[in-house]
Amino acid sequence: MDIIKVENVDFSYVSQNDNGKQISNKVLKNINIDIPEGQFLAVLGHNGCGKSTMAKLFNGLLIPQSGKVFVDGIDTADENRIFDVRQTVGMVFQNPDNQIVATIVEEDVAFALENLGVLPNEIRKRVDESLKTVGMYEYRDHAPHKLSGGQKQRVAIAGVLAMRPKCLVLDEPTAMLDPKGRKEIIKTIKMLNKDFGTTVILITHYMEEAAQADRVVVMEQGEVVLDNIPERIFSQVEFMKKIGLDVPQTIELFYELNKNGFSLNLEILDIEEQAEQLADAIKGGNYGISN
Amino acid sequence: MGLAIELKNLSHKYSIGTPFEINAVDSVSLKINQGEFVGVIGHTGSGKSTLIQMINGLIKPSEGAVFIDGVNIYDKAVSLRDIRFKVGLVFQYSEHQLFEETVYKDIAFGPKNMGLNDNEVDKKVRYAAKIMGIDDEMLKRSPFDLSGGQMRRVALAGVIAMEPQILILDEPAAGLDPKGRRKVLELIKDYHENSGKTVLLVSHSMEDVVDYATKVLVMNKGRVFCYDDTDKVFSKAQQLQEIGLDIPQISRFALALKKYDVDLGNNIYTVKKAVQGVLNLTTNKEKL
Numbered sequence: 000m001d002i003i004k005v006e007n008v009d010f011s012y013v014s015q016n017d018n019g020k021q022i023s024n025k026v027l028k029n030i031n032i033d034i035p036e037g038q039f040l041a042v043l044g045h046n047g048c049g050k051s052t053m054a055k056l057f058n059g060l061l062i063p064q065s066g067k068v069f070v071d072g073i074d075t076a077d078e079n080r081i082f083d084v085r086q087t088v089g090m091v092f093q094n095p096d097n098q099i100v101a102t103i104v105e106e107d108v109a110f111a112l113e114n115l116g117v118l119p120n121e122i123r124k125r126v127d128e129s130l131k132t133v134g135m136y137e138y139r140d141h142a143p144h145k146l147s148g149g150q151k152q153r154v155a156i157a158g159v160l161a162m163r164p165k166c167l168v169l170d171e172p173t174a175m176l177d178p179k180g181r182k183e184i185i186k187t188i189k190m191l192n193k194d195f196g197t198t199v200i201l202i203t204h205y206m207e208e209a210a211q212a213d214r215v216v217v218m219e220q221g222e223v224v225l226d227n228i229p230e231r232i233f234s235q236v237e238f239m240k241k242i243g244l245d246v247p248q249t250i251e252l253f254y255e256l257n258k259n260g261f262s263l264n265l266e267i268l269d270i271e272e273q274a275e276q277l278a279d280a281i282k283g284g285n286y287g288i289s290n
Numbered sequence: 000m001g002l003a004i005e006l007k008n009l010s011h012k013y014s015i016g017t018p019f020e021i022n023a024v025d026s027v028s029l030k031i032n033q034g035e036f037v038g039v040i041g042h043t044g045s046g047k048s049t050l051i052q053m054i055n056g057l058i059k060p061s062e063g064a065v066f067i068d069g070v071n072i073y074d075k076a077v078s079l080r081d082i083r084f085k086v087g088l089v090f091q092y093s094e095h096q097l098f099e100e101t102v103y104k105d106i107a108f109g110p111k112n113m114g115l116n117d118n119e120v121d122k123k124v125r126y127a128a129k130i131m132g133i134d135d136e137m138l139k140r141s142p143f144d145l146s147g148g149q150m151r152r153v154a155l156a157g158v159i160a161m162e163p164q165i166l167i168l169d170e171p172a173a174g175l176d177p178k179g180r181r182k183v184l185e186l187i188k189d190y191h192e193n194s195g196k197t198v199l200l201v202s203h204s205m206e207d208v209v210d211y212a213t214k215v216l217v218m219n220k221g222r223v224f225c226y227d228d229t230d231k232v233f234s235k236a237q238q239l240q241e242i243g244l245d246i247p248q249i250s251r252f253a254l255a256l257k258k259y260d261v262d263l264g265n266n267i268y269t270v271k272k273a274v275q276g277v278l279n280l281t282t283n284k285e286k287l
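Those protein sequence lines, which keep their order, are chains A and B.
Going by numbering that gives the first Met the number 0, the first residue of the first sequence is number 0, and it counts up by one from there.
Going by numbering that gives the first Met the number 0, the first residue of the second sequence is number 0, and it counts up by one from there.
Worth flagging that the hints you see were computed from the coordinates, not collected in a lab.
We put the beta carbon where it would ideally sit given N, CA and C, even for glycine.
Fair warning: there could be bad hints in the mix.
Stated by the list, open to error - Here chain A is said to cover these stretches of chain B; the calculated rule only asks that three of the stretch's residues, wherever they fall, bring their Cβ under 8 Å from a Cβ of chain A:
| # | stretch |
| --- | --- |
| 1 | 106 to 114 |
| 2 | 145 to 154 |
| 3 | 171 to 178 |
| 4 | 251 to 264 |
With these hints in hand, go ahead and build the complete structure from the sequences.
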């Protein structure tokens, strides 16, 4: 069953110029994506490619001007069911400081539940569960502003988890974090996906994060230009560089060596396997240009 | 070459006299030559931010002294205001500090405060705009209509316009996409090469600095872990990993290859060096 289905979606931002004339800026063009339940999908693309706009379509923050978005079978354009959509798909944004509203960690996690009118006993249970899930339970009575960036972002994720969404959309959740914080977040979302079966849509421009997903969608100028498993995405070195994205350094190395007579497999991402492959090639004399 | 910066036994403690007292910077002594491009690396809490703020007089050291061009900047006779024109500091997420109506006015803010006349200010603005790849059309726009990468460049130009002897940048590429990162870092590199000024670039990503820096300063727990040529620092790749730093993926790959008795050499930190390393091995086969 597809948790999210995007059908022929176009989206434009409309603004007015100084003369009062309407200017329409098309940011998504004919997008078609089906996301099965339980998948870990990464959306890769540089700033302005439309990936954040697409994220906002996934939980009805934006409604497409043409085409349809279905969340768990519900049309996001159906105003009567928008709250069902928002409970199914939880969103986490880039800046943790903009998402935290309360002065105590556990109150922040409880915020959405209170708004939903969940009973106090149930709130207590879900808040504790969510905080334990992201590994922030010991910090439940701390003040959020004294936490590190990675910890704050995990609190923001807990706040979304408390609503028990089937699907989690994270829009560049690690862009403002240091390497340690970044690892904490990736570990957390991988665990949610694996152990709880939560569908994860990770929007990022870090290719090393995308490499860990089940599937990668690459966007460029409002269009999906690649949609495949990570191994088949990063092996397309020339294309990725052309649109200003990175590939892992080891893949770039293999690509350069292949130009020099090697025939190394570019569709491997594991660094140990790559090392074994290159070592075998060198020892076996398996390259073209040697003397 | 003279010394641009000399730190003598520099320490800074936060929350002195409380149970939370912490040595953010601990007896650091260091000499940085004029014209050097130093990559300052260390993870969060290593003391790198406290260190650079002491270098331009924003944080007073608990102990020790900072010399800029041979002058002790915390000497009573020295005006810290003058020091800050000499040592330009660009903070993290510097685009948050933009405030003026137009890009031009924003860049002009610093030079105006130096007491320059309009003509001189105009010269400085155009000089800095050119360095940061900001064209005349963009100078007229509101800084808030620009993309994140463009705003970052405007903020950098605002500091460069004061033509500081020493430019310190705290995570100038953080939060930008790969294209934006490369652009900002390339522009800083060009600025360094063309101006000959001293540049300190603070980052927790080694990939950001290895292509550009002439020297690398690694901070760990408030102390200098090492300060040396980029090549020499990377010969300690394993130790860098042990203190919790992320080394470039290609360096990790070179370490993994050693387990298979393939040695590309000790200073593999760019793809280029790795390619060269492999080709050296395969064209001189007897080495294996």
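Verification of the supplied hints:
no. : hint       : result
1   : 106 to 114 : violated (count 0)
2   : 145 to 154 : holds (count 3)
3   : 171 to 178 : holds (count 6)
4   : 251 to 264 : holds (count 8)
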